[in-house]
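Colleague: Here's the letter readout for the chains.
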Amino acid sequence: MAGSAGARLGVGERRSVNAVMGVVAWIAALLFFFPVFWMILSSFKEEQDANTSPKLFFSPTLDRYSDVTESTTGLLSFREAFFNSFWIVMVSTVVVLLLAIPAAYALAIRPVPKWRDVLFFFISTKFLPVVASILPLWILAREFDLLNTRLVLMILYTGMNLPLAVWMLRSFFQEIPRELVEAAEIDGAGLKGQLASVILPIAVPGIAATALLCVIFAWNEYFYAVQLNPADGSTIPIWVTTNISTRGDFLAKLSAASVLASVPVVLAGWVAQKRMIRGLAMGAIK
Amino acid sequence: MASVQFAAATRFYPGTPQPAVSHLDLDIRDGELMVLVGPSGSGKSTALRMVAGLEPLDEGAIFIGDRDVSGVRPRDRDIAMVFQNYALYPQLTVAENMGFALKQHKVPKEERTARVREVARVLDLEPFLDRKPKNLSGGQRQRVAMGRAIVRQPQVYLMDEPLSNLDAKLRVQTRAELAELQARLAVTTVYVTHDQVEAMTMGHRVAVLRDGLLQQSDTPYALYHEPANLFVAGFIGSPAMNLLPCPSGQPIGVGGCALEVDTGVTSLLASFGGDRVVVGFRPEAVRVGEGPVAAHIRTVEDLGSEAFVHVAFDHEGEAVSAVSKMPAPFKGVTGDPIDVRFAGTVHVFDPAGARIASGAARCAT
Amino acid sequence: MRQEPGAALGTAARHDELRRPWRRRLPLLPALVFTVLLTQIPFLMNIWYSLTDWTIVPPSSRRYIGLDNYGDLPSDQFFRDAAWVTVVMTVSAVLASLVFGTLLAVLLDRKFLARGIARTLLITPFLIMPVVAGLIWRNQMFSGLYGVVNWVTARVGMDSIEFVSRYPLGSIVVVLVWQWTPFMMLIMLAGLQSQPAEVLEAAKVDGASPFGTFRQLTLPHLRPYMELGTLLGTIYLIQVFDHVAVMTGGGPDSTNIPYFVYRRSIGGGWDFGKASAFSIVVVVASIVVATVALRVLSRLLRGEEIA
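Protein chains in written order, with our numbering: chain A, 2 to 287; chain B, 16 to 380; chain C, 564 to 870.
Just so you know, not all the hints are guaranteed correct.
[Said to hold, decoys possible] Beta-carbon label-pair distances, calculated as ranges:
id: 1; chain 1: B; residue 1: S179; chain 2: C; residue 2: Q779; range: 50 to 58 angstroms
id: 2; chain 1: C; residue 1: S623; chain 2: A; residue 2: E144; range: 15 to 23 angstroms
id: 3; chain 1: B; residue 1: P352; chain 2: C; residue 2: L782; range: 36 to 44 angstroms
id: 4; chain 1: C; residue 1: E764; chain 2: B; residue 2: R146; range: 31 to 39 angstroms
id: 5; chain 1: C; residue 1: L782; chain 2: A; residue 2: F35; range: 28 to 36 angstroms
id: 6; chain 1: C; residue 1: R586; chain 2: B; residue 2: R146; range: 32 to 40 angstroms
id: 7; chain 1: B; residue 1: K124; chain 2: A; residue 2: V205; range: 22 to 30 angstroms
Just so you know, these hints were derived from the structure itself, not from any lab.
Positions of the beta carbon are idealized from the N, C-alpha and C atoms, including for glycine.
Chain A extracted, bound-state conformation (with noise of 0.2 angstroms):
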């Protein structure tokens, strides 16, 4: 049986260890934290405040947030760009698992001959460098008309994400008992029924695990969408970037653009962080 094998105390160590350890990792934890809780923190100050040497104590303001959320005709509004990409995101996810779970089916349970050549083909196609692409991708985007749309950039987001969800799906079937997927087999079960009955439900943590990921690197992708959508159509990370001055001194107002734009991938990474592990755990390895 696995468990955190470190968690539990034994006879004889002491509790004052686990104690040393656990304030170095507090300390640890609130140094990473340190860069977001500084900008959480900018986002409520009035720009004199964030402009000057650190400062932790002003009277805090929602001011920039309302700088930031408002719609300027011509200017791409927060409003919109949020639209845009949690559409973006979540068409290209449902359709990164529609096509990552028949597959890693193919690759896992019932494994064509050739699974480990496949399986290196997916994951070849994340070598090739992003930036390389991405003149024929352009070229071809014009071509059908789909420079400045949605669906261009679900297209590339699931492609983008279909190696890893294939990947790492893969190994999640891996863990199911075959003699389960047999059993269904012989009760008459097809693909579908398979799928649906037995591998689905004690994959869901897996599925939970890859499906996270995938909106993560969607969510935050930057390169594509400011190649191929730099009018309509654009994202989170365009808009938070439209907040950028050259002068460099609107920071509290770019903060409050940051916290917004990072407020849902962060939520959605706390509340499955713990199904990442055990997801991660059960299978990305074996």
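Assemble the complex: chain A is given as a structure, and chains B and C must be docked to it using the hints.
Modeller: Quick look at chains B and C alone, frame taken from chain A:
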């Protein structure tokens, strides 16, 4: 209602030179409970899975009834299987587990419920119909696995070591229930186990496998009293048969005492050309207390109803051990000197392992 | 290979469904076709462009010039600089985040007060958008004027340093490590949790010290996890673009290959022929790296056949 037939069935695992199952020829009659038994790696599970369709055949064929099912998908073979680890669907209730196959075959709901209920009654599972597998004990899970197979009313039952995850007492009890159930249902059953006691007590016939090759397939009585070769002789029966190498000249001498044997045995031995044989005695043919062979006790296993006395003596210049089955209680402890005599059935094997002769024998005093 | 012994028994024709290979491949096809179309077509287009002298500024006809673009590469100092920067950036970021991630995982594997909250705080950097991360660090941490780091170092009497302009590559690496350490930590935590407790208990009974146990039992157990972390980390860190764009805007010391190719093509250079040639070279180099990685992968994959 169907027979099962293996016709030169062969399965190679990629990467290994030896076949997992090699040209297996076996006929299982309609309604029979055939046990496939053998040590790990003998190919028994592979053979079972070939009948199920979970392993493809590399050569040969498998028939269910008159139908060649060698290339047919498992779900189209009309078979049901009980797995060693039960393979119960974890998120379905007991009732849903048992009805799963019926649902896949589009059996209408009322009929499904009725059949599940009936089987649950037979197996004493009615109180658990709404529970999930994780809330059941090992024995209950085993019964659900059985129920799932029974409810399908297939032509053949396949069972892959269904009792090996139960604790010893439950195993013995369930063994009898299972045999009784199979006799009542009269459905052809292929049953795999590594436990030869299970094989001997349950099977109408037993097939002994080793390294992918069929050693002997026969009734338990025949396997015990007429083993085809050394392996079967040593595998069937617990404690194992005592086996001692001897020169083949007459008379056969064991531990310094000459054996008087049946004339039938003598004549078969006379026509044997080699000069060494292996002589086998079951523990019940070895008696300690008085006799011509001087030995000492190595250990005594007193089971209450009988005692197995392990002794050591000189045979052909070397120290050998043997096991004797004596009635309990047995007086004697490790280290005691004791006399041994042989009286019972002797089996004689050639050095390659095949049995030459068997018959009554006793020490010529 | 298959015999027909059943003929004598008059059986029906055998339809070998068990082994029909296309049925097995079918579920794989959608994902495979999608990926092939999306990745190989642009790749082929790139190859074609790299064989032309296509530029936008000044505009030229797209003439086929064979391998001329490739010939110019070895002498391109900027390309070599970018390659070097990429190597340094990737290796240092992967190694540092792996080490820190492992240390943090060891710390977090033990129970202590509010461990869950600490872990939540620790994974946050990974969830932040790269552009946002770059901006926070450049403007708020590293800034010479109002940066927090300088505020801290001033307390110990050091002068204020404009980190990003003084140490462009280093600054970027710091941010990368900040963001990727949590990822490594999650993987290593998974590894630590998958170690059977009995093994460690046996070591305790046998008298091993905590450090000895870690070195001899835990680290070997963690090796496949480290390999996975290294593999995934390398794949993503070679492609870093956002941080470079947002923190330093290029410059000789911090331009890595992705940013370099960008600048040469749609980011200002408009020399598509040359840029495509660079891309192809990078692809070839990546394949070489990938073949090395494949050995790692094979060991990973083969390991599970035994497990």
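Colleague: Hint by hint, work out which the structure violates, then give me just those numbers in ascending order.
Modeller: As far as the earlier hints go, 1, 3 are violated by this structure, in ascending order.
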